[in-house]
Structure formats: structure tokens, C-alpha cells
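Trainee: The chain contents come next:
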Amino acid sequence: MRTRTPAPRRRALTPWLFVAPALAYMLLFFGYPLVRNVVMSFQDYTFSTYFTGEAPFNGLENWRTVFSDELFGASLWRTLLFTVGSLAGQFGIGMALALFFSRRFPLSGVMRSLLLLPWLIPMVVAGTVWRRVLDQETGVLNEALQALHLTSSAVPWLSSPDQALLSVVLVNIWIGVPFNMVILYGGLQEIPAELREAAVLDGAGPFRSFFSVTLPLLRPVVTVVLVLGFMSTVKILDLVLALTNGGPAHSTETLGTLTYQLSFLRLDFGQGAVVGNVLIVLSMVFAAVYLRANRGGVNR
Amino acid sequence: MHPHHPPPPPRHRRVRAAACSAAMALTLVGCAAERDPNVYTIMNSGTDEPYHSWDQEVMDACGDRAGVEVHQLSVPADQLVPKALRMASSDSLPDVISLDGSDLPQFAEAGGLVPLERLGLPTDGLTESALAFGSYEGVYYGAARSVNSIGLFYDADLLAREGIEPPATWEELRTAAAALTEGDRYGLAISALATEDGVYQFLPWLWSNGGDERELDSPASVEALEYVVSLVEEGSVSPSVVNWTQADANDQFIAGNAAMMVNGPWQMPVLREHPERAWAVAEIPVPAEGDTSVAPIGGEAYTVPVNAADPGREQVAAELVACLTTPEAQLDWSTKGSNVPLDPWAAERYRDEVPELSPFVDQVSTARSRTEHVGTEWNTYSQAIGTALQAALTGRASPQDAMERAQEQVESQTGGRP
Numbered sequence: 001m002r003t004r005t006p007a008p009r010r011r012a013l014t015p016w017l018f019v020a021p022a023l024a025y026m027l028l029f030f031g032y033p034l035v036r037n038v039v040m041s042f043q044d045y046t047f048s049t050y051f052t053g054e055a056p057f058n059g060l061e062n063w064r065t066v067f068s069d070e071l072f073g074a075s076l077w078r079t080l081l082f083t084v085g086s087l088a089g090q091f092g093i094g095m096a097l098a099l100f101f102s103r104r105f106p107l108s109g110v111m112r113s114l115l116l117l118p119w120l121i122p123m124v125v126a127g128t129v130w131r132r133v134l135d136q137e138t139g140v141l142n143e144a145l146q147a148l149h150l151t152s153s154a155v156p157w158l159s160s161p162d163q164a165l166l167s168v169v170l171v172n173i174w175i176g177v178p179f180n181m182v183i184l185y186g187g188l189q190e191i192p193a194e195l196r197e198a199a200v201l202d203g204a205g206p207f208r209s210f211f212s213v214t215l216p217l218l219r220p221v222v223t224v225v226l227v228l229g230f231m232s233t234v235k236i237l238d239l240v241l242a243l244t245n246g247g248p249a250h251s252t253e254t255l256g257t258l259t260y261q262l263s264f265l266r267l268d269f270g271q272g273a274v275v276g277n278v279l280i281v282l283s284m285v286f287a288a289v290y291l292r293a294n295r296g297g298v299n300r
Numbered sequence: 001m002h003p004h005h006p007p008p009p010p011r012h013r014r015v016r017a018a019a020c021s022a023a024m025a026l027t028l029v030g031c032a033a034e035r036d037p038n039v040y041t042i043m044n045s046g047t048d049e050p051y052h053s054w055d056q057e058v059m060d061a062c063g064d065r066a067g068v069e070v071h072q073l074s075v076p077a078d079q080l081v082p083k084a085l086r087m088a089s090s091d092s093l094p095d096v097i098s099l100d101g102s103d104l105p106q107f108a109e110a111g112g113l114v115p116l117e118r119l120g121l122p123t124d125g126l127t128e129s130a131l132a133f134g135s136y137e138g139v140y141y142g143a144a145r146s147v148n149s150i151g152l153f154y155d156a157d158l159l160a161r162e163g164i165e166p167p168a169t170w171e172e173l174r175t176a177a178a179a180l181t182e183g184d185r186y187g188l189a190i191s192a193l194a195t196e197d198g199v200y201q202f203l204p205w206l207w208s209n210g211g212d213e214r215e216l217d218s219p220a221s222v223e224a225l226e227y228v229v230s231l232v233e234e235g236s237v238s239p240s241v242v243n244w245t246q247a248d249a250n251d252q253f254i255a256g257n258a259a260m261m262v263n264g265p266w267q268m269p270v271l272r273e274h275p276e277r278a279w280a281v282a283e284i285p286v287p288a289e290g291d292t293s294v295a296p297i298g299g300e301a302y303t304v305p306v307n308a309a310d311p312g313r314e315q316v317a318a319e320l321v322a323c324l325t326t327p328e329a330q331l332d333w334s335t336k337g338s339n340v341p342l343d344p345w346a347a348e349r350y351r352d353e354v355p356e357l358s359p360f361v362d363q364v365s366t367a368r369s370r371t372e373h374v375g376t377e378w379n380t381y382s383q384a385i386g387t388a389l390q391a392a393l394t395g396r397a398s399p400q401d402a403m404e405r406a407q408e409q410v411e412s413q414t415g416g417r418p
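Line order of the protein sequences matches chains A and B. Note that the UniProt record's numbering has the first sequence beginning at 1, numbered continuously upward. Note that the UniProt record's numbering has the second sequence beginning at 1, numbered continuously upward.
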């Protein structure tokens, strides 16, 4: 009676069995929608498709229409501005706070947990509240600024096309700082104190010790923070919808709101898929950067 | 209340269901669920109380009359169309859908709705506006229970104190709004969002002036936009209106930050919570005395989706629709929900019972449907108008340029002037 598979074959099969559930999950929930979205961008996929089941292929028509719309180029540019601005602010302030809290002082734990609060607030709630705060006439912010005589007239935070994008970036920075702070703080705790002490003994000032000791050792953590931050920022939708709805006069329209508009308001799912694909490509570029950076870390 | 005990499903049905779920897991295509022959589903957007319970009462009564049980499926208004589309792709649409008037053409165009006349609902007793509201390309698909429009709400105490008559023309509105602007208070609040909220509110200016969504660059259309922009430029309307929803405009009015506002009767539940503000309603002012105030008509219509698998159900669904939209049902619903009945008998009774809202009855009688001329393309027009409105209000473009751009945008997306 042969009941046992030859050992080498079984050994070859075993890893695959472990991988199989994850692989099946990935294919079903990531692979399928991804492929579907790419295919959809070459189809005339509209309202009636849902009834007739017919979505004729129309070649590059969707792509041509989207790319020739000046709103697309403007949205792409604004998405990049928004992402770079948000990341710079979130990371800069997050890093400063992380460094600040890595020194021990009374009540630092309490303050650190209080700073986490914005992270716990759902994006739509934060957006709705900030929309009230930033209102030109009745907003708290303008009232405060005017009471302190910091501005002579009310700032049109969200009602001027020249100002609105900056305001959305500022709110997004407020939302993103806790995440950056927590991860960077965690990373700082991992760096042995002796290294910095040694640097100080060797005569390094605070700046030198930060840039030559702390930052290089923190590199893997910094990469993770920036890549994750990029991915969650580049696809921004809910915050913009709650704050400005892409307005005024499209001045805060991003790729995320554009794909939402095309797919769910104009009900042209083919064109919406085109913009969605552009977002996926953008994210993939940064995912590749992330993987490369991580590989570098392991090899060292 | 409904002692129906359906027999256990026959074996082949169970096997089919199992096969169906297996197929679904493999290919991710939806499957039509087997329907209980005694249970009918009506989908609407009545998620809020007390509307949901009021609806359930009416539906139960109509179900009793038709001898079936009625299940009410309420989804938030902005998710109704996406949800219905998903259901359509899996052949599992409910028996009746209460569709927003501006969404009806697309469902009809896709062949998803049954003409109500074919199901035995007569159209000869209907008013012209009721017929127009529920029709697409001359075929009647949707029976409305009540409709609404927008009007000019004003702070009656304040106007009386200042000795200002409710404005009826554009000039009167301009003068009144300027006179009522004082300190933190603006004369008028509107919504000028680029979405349907703001576009809906722009239409009365456009239409009453003889402008038209199909001729956005015509002098009459441009003049309408110039008028709205001038109110903001003169300081009688807050520049923040580019970010205000209609609910925000209502909040500003209630808070006393605006002496008047353009809004609809659906704000009544919130207004009633603030009895300290003695409001009244007038029709939206017209360009000159004697002009007709033309506002958009809004509301939902009961439609019967095509049920290819079981056409017999369409018949019962039509009975339910007929029962839900009788003149008595219209009056009852309109009185409770502060909407306007379409039936002439119900409308007259409504004037007596809710006199404070009777301006809406007048407004509705001259109101126009957004999809009357442009049908399924309305969303394209709406986005172009919203963009023009915001571009002009924020000073990005002159009203003339903004409307010319809007016209170009519409023509390039729909392939020419309709």
C-alpha cells in the first residue's frame, strides 16, 4: 500500500498550499477588479449596459475623450500639488513632533495621545466640521483672526478659487500629522540611545547628529511613512467632497473627484475607469519605489 | 397581519439556488433571487423618519387591497440609482421603484421601465404637468404622488418691521436684499454649489428670463447669470454661497444671517423646529412685472421596472402604484410631507389645508421639468451650468464668457446643439 507521497514532491507542494489562500484572495479581490477596470476603460460602459449587459469595445475613445478634456490635465496637476503639499506638511510637522516627544518630560504621554485625536475622526466628519470652521463669514477661524487683528478682512478660505486648494491641503495636513508622528516616534524609539550619545561625544551638534545618525537609521521607517502617505493622499475623495465638492469653479477637483464625477454623476463608467487607471499607475510607480527602497534595506 | 405561509421551495428551486451561488462565487455575476409570490418590494429613498413609517402605513394598506405583502426598501437618495443599476445587472430589480424625476429618462431610455398605460393605468385624467413629469419621449412611465419646487422664503417679521413688501420682480428683490443687508446679515441666501443643489436654484432665474439650457450663450441666459452675480457683487448675497448646499442656506436663514432665502418645502421639518423665525413664502421673483415665474419641478415618481422572468408581477405592481397615487393619497402625503399634490382636486384641498405653502402650488403649476427637452443628457447640462455659475461668481470668468464656455462644453459632450 502506498499512502505517502514521495517526500521531495510533498516538500515542493507545501509552500504553495500555504500561499494558496492568500493568492486566491488577491486574485479575487485585487486582480479581478484591477483587470476589470482596465478592460472597462476600453468599453462604452454606460447606464444602459446594466440593463442590456452590452458594453461594446470602443478602442481608445474613452482615453482620447478624457485626455483631451482640459479638466483632466488640471486635475492631474492639482492632485500632484495636493499630494506633495500634504506630504511635506504632514511629514515635516509629524517628524518635529516625534522628535519633540522622544525627549521625556511630564505629561508627554497624555499630550501625545491627545494629538492622535484627528486620526480617530472619520474623514467626512472632519471635512464637514472644517467646512464650518473655514466659512468666510460665520467661520470660527475668520472670527478669531479678525478678533486678533491678524487679518483686516475675512479670508475666503473655501470660497475663492485661488485659496481653496491650499485650505484643503491644510486640513489634510491636520488629518495626517498624527499618523506620521506615531510611526516616526516608533521608529525613533528603535534607535539605540548610545549611537546618538556617541555622536555627541564626538562633537556633533543637534543638527549634525540628526542628519548623520538619526535620519539614516530612520530611513526604512521614513520610506514606509511617505509611501503609505502618498497612496492615501493621491486618491483623496471624501475630504474634498465634504469640504468643497471639487469647487469653487473646479479649483479643488482632483483625479479622485473626477473619477467619481464621471462614473457616478455622469454615469460614464468607461471614462471614469480611465481616470481610475491613471490613479492606479501613479500608485504603482510609488509602490515600485517602496519595494526598491525596502530591498535596499534588507541587503545592507 | 399577513398570514401568508408560502410552501417550502420545491427541490429543483433549491438546487438552482445552490448552483447559482456556486456560479456567483466563481464568476462574480449576480443571480436573480427567487421571489416570494406574495411579497412585493418597493424601493424608495425614504430613509428618514417619520417619512419611512408614513410610507409603510400607506404601503401596507395598498398591499392589503392587492392581497399581497409589501416590503419597503429604503436607500439614501444618492445611492438609489447606483443600487438600482447593480440590481438591474443581476435581474433583481424590485417590483416598484420610486425614481427621482431627473433619473427617470435614463431608466426609460435603457428599456428598464414598463409603460404604465400598458399595465392599465389611464392617463386621460392626468394634468399636463403630471403627464410631463412622468413621461419620457411621450410615453408615461412614472406616476407621481407629489412634487415640489422652490420659492422665496422671507422673514415676515423683519420685512414688516422694515416696511418692505415681499419682492416680486428682480428689481424689487435687488432693492429689498440691499436694504435688508446689515451687519452680519445678508439680504438673501442661495445655494450656488456646482452640483444639482446650486443648478436647481439657478434655473428659475434662467427660465423666468426666457433663457434656456439649450441656448446657454443666448443674451437671455447670460443676463440671468449676470443678475445672480450682481447680487453677490453688490454685497446682498454672501460670496460663500459657492460652498453652500440648500440645507446650509436654510441654516443661515434660521440663524438670522439671511433675511430671505431661495429654498424648497423639504426644509419644513427643520424650519418648524424654529418657531421663533416667522417665515412666509412667495414665488421666485420674475425679471419684470407680468412675467411668469418658471421654476424647476422636482420629486419622485413610482415606476414599474421590467420583470422579464415574471411579467405577472408587473400587473400587481401597477395596482400598487395606482393605489399609492390616488388623489386622496396625494393629498394625505403632501399635507404630511409639505409637498405639492399634482392632482387638481387634491391641489385645491391642499390650498385650504396648508395655506402658508400655497405659493408652492402656484409655482408648481408653471414649473418645468429639467429633463423635458434634454432627457438623458441632463447631467451633462447640469455640470456645465454648475461650472459656469461658479466661474462667474468667483470672478474667474465674466458671465458672458462663462456661459459661452458652458455652451461649448455641452456641445462637445453631446455632439452639437440639440
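Calculated from the structure, these hints are not laboratory results. Owing to the predicted nature of the structure, the values given are computational and were not obtained by experimental measurement. Honestly, I wouldn't trust all of these hints.
Claimed, not checked - In silico lysine to aspartate or glutamate, DMTMM-like type, Cα no more than 25 Å apart, as pairs: (1) B:Lys336 - B:Glu223; (2) A:Lys235 - B:Asp78; (3) B:Lys83 - A:Asp44; (4) B:Lys336 - B:Glu314; (5) B:Lys83 - A:Asp238; (6) B:Lys83 - A:Glu54; (7) B:Lys83 - B:Glu49.
Trainee: For this structure, which hints from the list above don't hold up?
Mentor: Hints 1, 4 are the ones this structure does not satisfy, whereas the remaining hints hold.
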